[in-house]
Each structure stands twice: as structure tokens, then as C-alpha cells.
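Asks: Sequence:
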Amino acid sequence: TACFSDLLATDVTIILGSDVTVSHPVLGQMITQRRMQAPNSRVVVLDSRRTATAQLADVHVQLNGGSEAAFLQLVAKRLMAIGRVDDRFIRRSVEGFADYRVELESLDEGALLAATGVHPGRVDEVVDFLEGEVRLVTLFNVDGPGAANATGTANATGEGASTAITAAANLHIQLGQVGHDGAGLLALSSQSNAMGITEAGATPGGLPGGRCVTESRVRDRLEVKWGVPAQSIVPMPGMTAARMLEAAARGELALLWISGSLESFGEAEQELIRRAMRGCQRVIVQDAAGDSEVAVLADVLLPTSVALEKAGTMTNAERLVVRSPQLAEPPGEAKPDWWVAARTAQLMGFEGFDYANAEAVWDEYRKLTEGTPCDQSGMTNQRLDDRPLQWPCPDERHVGTVRRFMSGRFPTTTGKAHLTAR
1 TACFSDLLAT
11 DVTIILGSDV
21 TVSHPVLGQM
31 ITQRRMQAPN
41 SRVVVLDSRR
51 TATAQLADVH
61 VQLNGGSEAA
71 FLQLVAKRLM
81 AIGRVDDRFI
91 RRSVEGFADY
101 RVELESLDEG
111 ALLAATGVHP
121 GRVDEVVDFL
131 EGEVRLVTLF
141 NVDGPGAANA
151 TGTANATGEG
161 ASTAITAAAN
171 LHIQLGQVGH
181 DGAGLLALSS
191 QSNAMGITEA
201 GATPGGLPGG
211 RCVTESRVRD
221 RLEVKWGVPA
231 QSIVPMPGMT
241 AARMLEAAAR
251 GELALLWISG
261 SLESFGEAEQ
271 ELIRRAMRGC
281 QRVIVQDAAG
291 DSEVAVLADV
301 LLPTSVALEK
311 AGTMTNAERL
321 VVRSPQLAEP
331 PGEAKPDWWV
341 AARTAQLMGF
351 EGFDYANAEA
361 VWDEYRKLTE
371 GTPCDQSGMT
381 NQRLDDRPLQ
391 WPCPDERHVG
401 TVRRFMSGRF
411 PTTTGKAHLT
421 AR
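In terms of the numbering used here, the sequence shown opens at residue 1 and continues consecutively.
Misleading hints may appear alongside valid ones.
[As the list claims (entries may be wrong)] Simulated crosslink set (DSS-like; lysine-lysine; CA at most 27 Å straight-line):
#, residue 1, residue 2
1, K367, K335
2, K77, K335
3, K367, K225
[To be verified] Restraint-style ranges between C-beta atoms, simulated for each label pair:
#, residue 1, residue 2, range
4, Q37, M406, 47 to 53 Å
5, R274, A202, 54 to 60 Å
6, L327, R274, 31 to 37 Å
7, R250, R91, 36 to 42 Å
8, D58, R221, 43 to 49 Å
9, R91, A202, 36 to 42 Å
10, A111, R250, 15 to 21 Å
11, R274, S106, 50 to 56 Å
These are computed hints drawn from the structure, not numbers from a lab. Note that CB positions come from ideal geometry on N, CA and C, so glycine has one too.
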């Protein structure tokens, strides 16, 4: 919901399961800069590991892995008890608060503490930071090392599950720390275009516009837009990359298509990749490097262009969409990834893949995001060539959205944020 500049205006920064100073050094520098400019600002790290970021924090809560939600619920419960609630924001922009209060107050504090494994004084320290009228930014990790901590379930009562991200969002809504300068949440990733991948629907259960494949109305709408027969889109999510490799290693996949390098994986993952390639009947590798361990084991190698040899876009953690122009021609038979996918589809007899260039692919994609929370329909190729834009950007006159929910309205049926302690 926030933007990077909020890190330079906030009073308290909470970091969940992310070693920001290492994985996002620019953001780490901004956090350090804020502490220098505002000595009374505070940094809290919730992480079972003692990372470089944890060592720089005012408070490092070294809790049990997967118990971040329990800790945040403890903080919210203590703040609720002393009346730390933004009543005006709640009345205007939130529903379910009464039930949330009852559920939060009913949580067993002893059980929550036991789940976290931390001393009660740690909770007191964080509550002290937040009990005044302070601005709060929370950063959470969504993949890579520490992701399990950031998204693990941690309801100490055993009645249902609550993720740390949900608990963090609840805390921000309770305190009214959304939609204004120096406040909000930022999702971080170890991959530079992880948000762009999600927006495009390049996930096991995703469809363009950050939609979910399990929603029938979404499938119906996209089938009409793509001009394909009804019920063409399979309603069930596919396998994750890890599950695909495991299935291939067991001999359950006839074909495995690997796009990009896998050499950054650890030794355990590398061994799984080798077993997957040996266990599969046919393996296609689509990559710029023809001599990698993965490439030499492939039945078919499709040479692709590298970053400077193709045009594309990337979306960062503050929803900023950046156009990357083509600066050089690819060598030999190398082609951009979109061309490989489109040409393969054409050879298989599928219609709708006659793109002339990367700009044509973008034009289709941006129009598919219309009406979604990540609406990029106003980001034309010409506008992105001129400068980056932040979504939502719903029309060609829109300047982009630096910070979300400043109007106090949310993308729900009622326009209000939903609260739940479960």
C-alpha cells in the first residue's frame, strides 16, 4: 500500500522475515537515513534469525519461526486494551471491527506468548513504540530466505490460522496507518520482478491482473476477451516449480520446459533438478547460456536474448512499472522469450499469438488488467517509454498512484477494509 518515500517519513518501521540491508540495500539505506534524520524513530525486526538487519534494529524480537502473527496479535491486543484505535478511520473505512475486537480480546495471551517463545518485555517495548500518535510502516518478505517466517501460520489458540501478513494488515487498520504519508505496508521479494509475475498471472493459480483461476467469473470474462470456448480455462491451480520438479523426478511428467537459468539454486535444489531432467521423457531448456549444466542435459535448447537484447517491463515493491528498452540485437538464433512462446503456440495451431513485437504483448496485457486492483490499462507503451508509472493507473490521463487508499476506500464490495483476528 505504501511507497519507498514513506520509509523517510515514518516513526516506526517493523520488518517481518526480511534481511533488508542485504536483500534490498537501497531500502536499508533509506531506513538508516531516517534514523539519522529522526533519532526518535524506531526499527523493530521480527525474525528467528540474527541477520544483519536484526543487528541494526532498536528491538530484535528473536521469536520462534512461524510465530510472527502471534506476536503481532499480542501487540494489537495490548494496544486495544489501552484504547489505541483510530476511531475516525474505523467508522469511515472499516467493517467487522466489533467482531475483530471480541476475537482479539478473547485470544489467550499466555498461549500467544508461548507460541512466540519471547519474554513479555519484548511485547511491552513494541507497544511503547506504538502507543502514541506515530506513523507505522511494515515490510514483509514474500519469498526467498525467511519467507516461511513471514507467511507462516501462527494462531496459538489452535482454532484456525492467521498469517503474519494478515496480522500486520489488521494492526495497520486498527491504528489507521494506511493511506497517508509515512504509513502502510510494503511487500518485498528476493526476485526483482516478483510483483510483475503475480500481476501477469504467471503463478500456479494466477491469471492476468492478479486474478485467481478458481473464480468462475474471472475465467468467464477472460475466455470472452481471448475469444476461446467457454470453460477452456482449467479452474484448478497448477503445480509450483518445486512440485513440477518432484513430479518429473518421479517420472510423472512427459515433458519439462525450463525457461531461464536455475544455477542460483542451492545444491539440494540442483540435485532435484538433475533428477527431474533424468526422470522426464523430454526436456526443453530456454536460456541464453548454452553450456550450463541444465542446458547440456536438454533434448532441445532454445536460445533466448538477455536483458539488454529485449524490451520488457518490471514492477518493483512500490508498484512502479519500469520499461526496459532493447539496446542491442541478440546474436545468432537467439530470440526474446515472448517470441519463443508465441511462435510455439502458432505452430501448435493456437490463434491470438500473432504479436508483432513486445509492445503488442504489453497492449494486450495492460487492457486485461482493467478494473482490477493492479489496473495498468492507462500505461500505454508511449507513456512507459517516457517515464515509469505506479499502478493503479486506470486511464491514459491518470498520473499513477504513489500511495494507495488515500481516499479511505478499499477494493471490496462495500469499499471498506475487512478485519478479522482469525
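Asks: Evaluate each hint against the coordinates.
Replies: Hints, one by one, checked against the model:
1. K367 / K335: 25 Å, holds
2. K77 / K335: 56 Å, violated
3. K367 / K225: The hint holds at about 10 Å.
4. Q37 / M406: 47 to 53 Å: 24 Å, violated
5. R274 / A202: 54 to 60 Å: Distance hint for R274, A202 is violated at roughly 25 Å.
6. L327 / R274: 31 to 37 Å: 35 Å, holds
7. R250 / R91: 36 to 42 Å: 55 Å, violated
8. D58 / R221: 43 to 49 Å: 48 Å, holds
9. R91 / A202: 36 to 42 Å: For R91 and A202 the Cβ distance comes to about 40 Å; the hint holds.
10. A111 / R250: 15 to 21 Å: 40 Å, violated
11. R274 / S106: 50 to 56 Å: For R274 and S106 the Cβ distance comes to about 51 Å; the hint holds.
This entry does not satisfy hints 2, 4, 5, 7, 10, going by the numbered hints stated previously.
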